[in-house]
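Each protein sequence line maps, in turn, to chains Z and V.
Residue numbering for the first sequence follows numbering that gives the first Met the number 0, beginning at 0 and increasing consecutively.
Residue numbering for the second sequence follows numbering that gives the first Met the number 0, beginning at 0 and increasing consecutively.
Simulated from the structure, these hints should not be mistaken for laboratory data.
It is possible that part of the hints are untrue.
[Said to hold, decoys possible] Okay, derived cross-link-like pairs now, EDC-like style, lysine to aspartate or glutamate, Cα gap no bigger than 16 Å in a straight line:
no., chain 1, residue 1, chain 2, residue 2
1, V, Lys-107, Z, Glu-71
2, V, Lys-203, V, Glu-260
3, Z, Lys-47, Z, Glu-34
4, Z, Lys-73, V, Glu-260
5, V, Lys-157, V, Asp-72
6, V, Lys-162, V, Glu-32
Since we're looking at a predicted model, the values are computed, not measured.
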Amino acid sequence: MTPLLTDIQLERQRRWFKESFDHLLAIAQSSTCGETGVILSSGYQVFKEVPAERRPYWAEYVLGFRDLSDREMKRFPGHKFGQAFTTVKCECTTYLPWLEKRFRKAGGEIQQGKVSDLQHLADSYDIVVNCSGLGARSLVGDATVHPVRGQILKFHAPWVKNFIRDGDGHTYIYPGVNSVTLGGTRQAGDWRLQVDAGDREGILERCFRLDPSLRGGRVLGEWVGLRPGRESPRVEVEQLKTPGGREVPLVHNYGHGGWGVSLAWGTALDALGLVRQALNQRPPMARL
Amino acid sequence: MRVAVIGAGVIGLSTAQSIYEQYHGQVRPLTIEVYADRFTPLTTSDGAAGFWQPYLYDKGNAEETKWNKETFDYLLSFLHSPDAIKMGIFLQSGYNLCTESAPDPSFKDIVLGFRQLTDRELEMFPGYSHGWFNTALMVEGKSYLPWLMDWLIQRGVKFYDRKINSFQELADSGAQVIINCSGVRSGELQPDPELQPGRGQILKVDAPWIKHWILTHNFTKGTYNSPYIIPGSRLVTVGGVFQLGNWSEMNSSGDHKKIWEEACELEPSLTHARIVEDWTGLRPVRGRVRLERESIQSGPRTIEVIHNYGHGGYGLTIHRGCAQEAARLFGEILKLTRWETKSHL
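The following block holds chain V by itself, in its conformation from the complex (with noise of 0.2 Å):
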């Protein structure tokens, strides 16, 4: 069974993961090739803080937040493993603050002692009337991502540089399954109206002395609008702007100066921090994750796809109940070839 997995981002690589942990007894030989024209450290998933959180509100999708929480309690299984500092997974834990009173946010049980903030606490954040403090997760591309092509590498899963233009030109080459885990860019492969970017520029700043995240929820400007504070393992995520259908990828002055000065006024030792650089990434933003699986007419053939796409500015955060998710479509597609080998008999 050959497999061909198009994207390496942190959806990619977690997705061939998976169907290489729960397939690779069953189906032999189960060959899984990734293609892709951009490789870490130069993915979306770099680029991202590393910070595990879902948007506040899942706004009824209970199948996101259980693939969410998914994702947290296996990152959380590995934090005492020898490998957690090489995929980049650790501890932190800071404030969630909101301009008005608002309801506790969906992953409230996920997280480790989510609480309120107490007045004293609220008294730090001029401007914020309420406010939540949990530890969380971090998940830092950077590392995570090597760690996954590693994993992947040994246990001989190939990677090929090589732009995809179309599921056809894949499957003309060999693929019988074809799992489409290609972000933003989705709709060159394949239209889709309900995929925009959401660009987002970040600063990375040196200021080690802030352990703590800081996110601040503005509801009148949306998600990411507003400044928010990631230390990573070595630097400081400073946001962020969320500009839907802005396919830049160059950063902007503007909004350099914009984060800059929003986050000195929520943290203002950080105007004695030293910035090192800034970045922007588009996030892959759809109303709902895309997964699910498509089977395509080519002629005489069927294309048997599964779209793994669509994360938003949440990829890291859901990747592997996603994944999990993707293997178990990758499961029905088995049982049907199965099947369908069975009748020619």
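For reference, chain Z alone in the conformation it holds in the complex (with noise of 0.2 Å):
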């Protein structure tokens, strides 16, 4: 499921990882996890068949991670072997607007409106951050931007506890704070919106099949998104030329794929270290 990444590729992710991972398990286990949506989850992920990979670079992040005994394993037929381990579950419905929160009580300004040109943009501004996700394809021009289509459902079964998710990344059950998350799909190229009744019924199977519990529960709603896919994040600097004839430095943030979460504040973190280079460095410039 991760992509071949060259060693370079692979120590970034790592840092990325666990900058992300230990910001969001602080906040787990802060008293305001209630307001942030952010919240301490365990359970299993379970292959049909015995991974190459038996153990993801992520493993140690991550807490307790193990492999499951036999005797746990009964309880997935047709899978082979498994895993458990404790993560951070980010429900961003509730996470974002807590960081936008923080954002404007620091002084941040939000304002609405699309973007189409970033040169015309970078002319009002001392340095430009590009974080369009799926948007950089147009915005920036990168073809190896494309929608990954994932779809969800909402469902209402609160007795579930564990996280449950196949290796293969196409079927999961992921309970949140008020509801629990099923999945999905991962159709790369697919720029549908719309709900595939298709794909719901396959989800509901999939998942029923995983936790015979869950029919007990109910849907509560579907969602479609487009995960913004990409090799990998692309995090860097270059120089925009703007019409004024200033150079602005422009930084990128976009391609998480579906690590947006697991790698937003690494990347953040990455990114502002690179806004503060391209700050110090600019020349001094008198405006007139």
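Put the complex together from the two separate chains, hints included.
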């Protein structure tokens, strides 16, 4: 599932994961986790066939990572291998408003509008940070960014306390604060935002097989999202030439695929480093 | 054969179930009647969190550990059945925390995925230096008891809302075997100096973001006298106190305050949770479960009694193993009865 990365890329990814995890874990441990939507979550990843990589790179960063015993595997007929660990779940419907509140409190401003011309935008700023996700495909002409369509259901089953996911990434049961997320699909190149009935039936059928107790629950809602697929996140700086003749640093931070939550903080820290560097290197200019 | 069960908590109901399961084919007719003055949702079993876990150490009582294991495996077998949710059975993982180094608990091989806590995990719980993680079962009384009652009613078991004041009373009305599952009030039927109430008070809290149970163990304060947080299918149970000899079933503000403060220290996110209600229950505490036969002479008659009470804070945890054992004792009585019948020929 994780694409083959070069050593440098792997090192960076490990650092991003660790920093993001530690950051979210600290929030999950604090008194505010009810407001932030960040919770501790334990569960299982199971595989139909023993994977080539029995211990993923992030195993040391999550908590209590271990292989499942034969006794535990009995619960998952059709699966030959499994792992258990404790991780964090970050519900963005709560987390993002909380982050936005902090951003505004620190003096940040939010302007609503679509940006189609970065050079024009850069004329009014000292630095631009591009977090346009899937939109980077057109905004900066990055043809490697492509949608990976994901459909999920929000399900009522409050007795489900552990997550279960199939290592192939196509079936997962993630208990959240007020509902359980059932998924999913990974359709590369698919731009459809509408819910697909066939996908829905497939998700329910596979999830029910993984956890039969779900049959006692009910669907609360459905949703489709487009993951910003890319070989790996682009976190780097380039120089923009504005129509006004200025050179403005453009820091990219996009292309996180299905790993947005898992890598957001780590990549943000890297992007911050690039922003600092770029601002320090800027020659002083008289504003006339 | 007429069997009278006294008590409709988890012990009474599950014992009636085991006896029916094992003997309704052999003994015809087999009339089972349950007498109680408290039924679900007002029994001790209903108020309990519904968390399967025995006390940390069985102190050599291998029989009770065997019954605990039997119960765990039995409940686990229902996990994939369509009835699991109706029965209130589901899995949940969590933390047992100790203030000092301690030997592994007696239930380590019964639960799923038992392991030591890593240093990083212990950092999440300041003040606790040692502990374990495992996945265990929940069996919520408020679902399990109605399911059991349904199961029994469908099979012709009759229920009577009546307080029984003596074994004699039941024997007089025709009961041939009496199963005494009267829990904490067993002493009213037959004095038992070993049986005492272990008063517990809990808070039910709305905190759906908590997905693990957390139990703390303080060997100076004793079992259940330090904080525990056990999420259920709807609300989170927060405790605890364990007051030996206290018969009060009223909620205490002092206990409420202590429980709440200690739990918020353990899990700071609780501070923002909404407290829904308090509940007080009396654990039927005894050095060991009283699970044995007794033949009581009453004039010319012998009243056969099977005692099954004194399960302390682990009634739900041990119920099936005890029910099966009680059924086995019932089988002994049957053999005797048949023998006595034969001797009359």
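Tested hints:
1. V:Lys-107 - Z:Glu-71: Roughly 14 Å separates the two Cα atoms, so the pair holds.
2. V:Lys-203 - V:Glu-260: Measuring from Cα to Cα gives roughly 14 Å; hence the hint holds.
3. Z:Lys-47 - Z:Glu-34: It is violated: about 37 Å lies between the C-alpha atoms, which goes past 16 Å.
4. Z:Lys-73 - V:Glu-260: Answer violated: Lys-73 of chain Z to Glu-260 of chain V is near 41 Å, above 16 Å.
5. V:Lys-157 - V:Asp-72: 29 Å, violated
6. V:Lys-162 - V:Glu-32: 13 Å, holds
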